[in-house]
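**Q** Sequence order for the protein chains is A and B.
Just so you know, we're using this note's numbering here: the first sequence kicks off at 1 and counts up by one.
Just so you know, we're using this note's numbering here: the second sequence kicks off at 1001 and counts up by one.
Hints are computed from structural coordinates only; laboratory data are not their basis.
Be aware that a few hints might be false.
Said to hold, decoys possible - Covered by chain A, per the in silico footprint, the following chain B stretches (three or more residues, Cβ under 8 Å): (1) 1020 to 1032; (2) 1136 to 1149; (3) 1302 to 1315.
Said to hold, decoys possible - Listed next, with one range per pair, are the computed distances between beta-carbon atoms: (4) A:T195 x B:R1190: 32 to 38 Å; (5) B:D1263 x A:A110: 37 to 43 Å; (6) B:P1317 x A:A110: 23 to 29 Å; (7) A:D263 x B:E1240: 19 to 25 Å; (8) B:P1191 x A:A247: 27 to 33 Å; (9) A:R6 x B:R1190: 27 to 33 Å; (10) A:T195 x B:E1209: 58 to 64 Å; (11) A:A325 x B:D1225: 24 to 30 Å; (12) B:D1263 x A:E60: 31 to 37 Å; (13) B:A1219 x A:A325: 35 to 41 Å; (14) B:D1263 x A:E240: 18 to 24 Å; (15) B:A1099 x A:A84: 48 to 54 Å; (16) A:E56 x B:S1062: 55 to 61 Å; (17) B:F1236 x A:F236: 55 to 61 Å.
Note that the coordinates shown come from a computational prediction; the quantities given were computed from them, not determined experimentally.
Where a beta carbon is used, it is the ideal one built from N, C-alpha and C, also for glycine.
In case you want the letters, here they are:
2 protein chains.
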Amino acid sequence: MTTQIRIGIVGYGNLGRGVEAAIERSEDMTLVGVYTRRDPSDVATRGSDVAVHRMEALDEASEDIDVLILCGGSKNDLPVQSPALAARFNLVDSFDTHARIPEHFAAVDATARPAGTTALISAGWDPGMFSLNRVFGEALLPDGDTYTFWGRGLSQGHSDAIRRVAGVAGGVQYTLPSEDAVAAVRRGDRPELTTRQKHTRECFVVLAEGADPAVVREAIVTMPDYFADYDTTITFISAEELARDHAAMPHGGFVIRSGVTGDGATQTIEYGLTLGSNPEFTASVLVAYARAVHRMNADGQVGARTVYDVAPGLLSPKSPEQLRAELL
Amino acid sequence: MTTQIRIGIVGYGNLGRGVEAAIERSEDMTLVGVYTRRDPSDVATRGSDVAVHRMEALDEASEDIDVLILCGGSKNDLPVQSPALAARFNLVDSFDTHARIPEHFAAVDATARPAGTTALISAGWDPGMFSLNRVFGEALLPDGDTYTFWGRGLSQGHSDAIRRVAGVAGGVQYTLPSEDAVAAVRRGDRPELTTRQKHTRECFVVLAEGADPAVVREAIVTMPDYFADYDTTITFISAEELARDHAAMPHGGFVIRSGVTGDGATQTIEYGLTLGSNPEFTASVLVAYARAVHRMNADGQVGARTVYDVAPGLLSPKSPEQLRAELL
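The following block holds chain A by itself, in its conformation from the complex (with noise of 0.2 Å):
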């Protein structure tokens, strides 16, 4: 048995409740504490033996930890928290906001850098695998065109949507993706696609007592930007069904690049993900950064980087001598 790498989770909701789990599936890494900004007594983890610190216990910590893993949001926490706890320890973060994420690279890069820690930004699926494929993708076939679908999975946003609407007690919302517009991206159509035109909405509804459904169902698929110009599907249950059937994340979707090679020979890569549990998901990634993050540090490899940055053989467990003789 080889040492084995010492993780702090900082924050705990669904996703740092998924890394500990991921950290239990995983030989080589033990889970030193969570750290929280809520009162430790109220945080509940799923090992009884898990330390739960407050965050200021950080400000001590820093020598039984290899890798922080961050589970905040990327609204508030993380473009606050990385770059702070960049300046003391190696990390991974799944920073989210695809149109910052320069700036909030820089911002890490600032203080890891000059630390000589290693702080790996945005990983998880999308960022993070996804955004790997779209790589692979243009790299191998640079005549081509890169599609992202997403779903089916639950959307908080549109969720949140469809309960404000009035006489409406209750409901989730899935996102699809189109089947007319997959099924022409596999053909290697290389058809010209808006967000809108490759995804379906789905939507699961518990009437307010009294309320008429046609007027719910009208009110829901005319809201403007959020299901007026998509192909959305209502229907109608019970309080009960939803407390049981819509209680899961699942998630997942597929990034498609389809392209041309020699005289027009066409080419179709396809990275698909089918997730039970989105968060749990996000979190598997997290943690097998955290095992890449921890050897790049001794490798000398310090400052930000991202998935682009991460040779695949650092995210297995498995020796590179293992990984040639029975995986390649």
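Got chain A sorted already, so can you dock chain B onto it with the hints?
**A** Just chain B, lined up with the frame of chain A:
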């Protein structure tokens, strides 16, 4: 425009021709020349202005070439050529005898390391892109199973076996993933499957004059090793149909990782290729990895390497800043 990466092609069959085509689509690369064991005047390249040299010309050429792409066979060519040429050139090969990869790696590393060259072995799609996805799958979902399916694709060995049957004037064989096996894996059943259970075989056969189709069919479907244990279908066609419909070299397949996270959420990762031309796609992978090899050598990363050692961003002609802003 940055400085062009200067490529030499060693060996000019279907693969070498595919590499030439892929370089035509790569704005940052220039083809310096083709090196062949044949009489150069017998080699008709795609481009009319490509310099074709005898292999011996490589003894003097090293200053003009940044990376050699080796397009010979894994049985007889690459075990000799890759170690010999790595003593003087950066190179990429597509060595695909899975069982002998550790030995080939050691032989190439032994000459590349002291010479300060970078030599990436076993690039292509399997080994290559499929190998990468086997490692990603295992690293992200440690509690899971990996399934590799091949096809629909032309199998040279099985096509040869058909053509040796008495009464057969010509024919081809395609390997297909078994639909039932794929469905079970996609559902997350995690079945135990042998290669035979995962694949079916589809034969297109031209009968010799006077041959009895029933006898030929029986001889094929009962052939030990090749067909007896598979679900095999046989379609008799004319010589014209064989020439018209079966001259292309399609292939593909997929790598599926099916696993669980947390308290049992099912997670599935699927990477699939549908290739109109097997050699042209393999060539495209070799060319992208030649770009990475050039950069790794400039960065001081010398010795033998595999796809596991290459940070994905190095495959793209775009800068790290561009990749983060546009594709992450």
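**Q** For each hint, tell me whether it holds in the structure or not.
**A** So, going through the hints one by one against the coordinates:
Beta-carbon proximity to chain A at under 8 Å applies to 4 residues in the segment 1020 to 1032 of chain B; the threshold of 3 is reached and the given coverage holds. Restraint check on the segment 1136 to 1149 of chain B versus chain A: 7 residues with Cβ-Cβ distances below 8 Å, three needed, restraint holds. Remark: the segment 1302 to 1315 of chain B is confirmed as covered by chain A, as 9 of its residues place a Cβ nearer than 8 Å to a Cβ of that chain, reaching the required three. Taking 32 to 38 Å as the suggested C-beta distance range, the pair A:T195 and B:R1190 conforms, at roughly 34 Å.
In this structure the hint that B:D1263 and A:A110 lie 37 to 43 Å apart at CB holds, the actual value being about 40 Å. Checking the proposed 23 to 29 Å range against B:P1317 and A:A110 shows it holds: the Cβ atoms sit about 27 Å from each other. Checked against the given bound of 19 to 25 Å, the beta carbons of A:D263 and B:E1240, roughly 22 Å apart, stay inside it. Distance hint for B:P1191 and A:A247: a CB-CB separation of about 29 Å, consistent with the stated range 27 to 33 Å.
Look at A:R6 against B:R1190: about 32 Å separates their beta carbons, and that is inside 27 to 33 Å. A C-beta distance of roughly 60 Å is found between A:T195 and B:E1209, which places it inside the suggested range of 58 to 64 Å. In this structure the hint that A:A325 and B:D1225 lie 24 to 30 Å apart at CB holds, the actual value being about 26 Å. As the Cβ distance of B:D1263 to A:E60 is approximately 34 Å, the hint placing it in 31 to 37 Å holds.
Between B:A1219 and A:A325 the Cβ separation comes to about 39 Å, which falls inside the hinted range of 35 to 41 Å. For B:D1263 paired with A:E240, a C-beta distance near 22 Å keeps the hint of 18 to 24 Å intact. The supplied range of 48 to 54 Å is met by B:A1099 and A:A84, whose beta-carbon atoms lie about 50 Å from each other. A hinted range of 55 to 61 Å holds for the C-beta pair A:E56 and B:S1062, which are about 60 Å apart.
In this structure the hint that B:F1236 and A:F236 lie 55 to 61 Å apart at CB holds, the actual value being about 56 Å.
No hint from the list above goes unmet by this structure.
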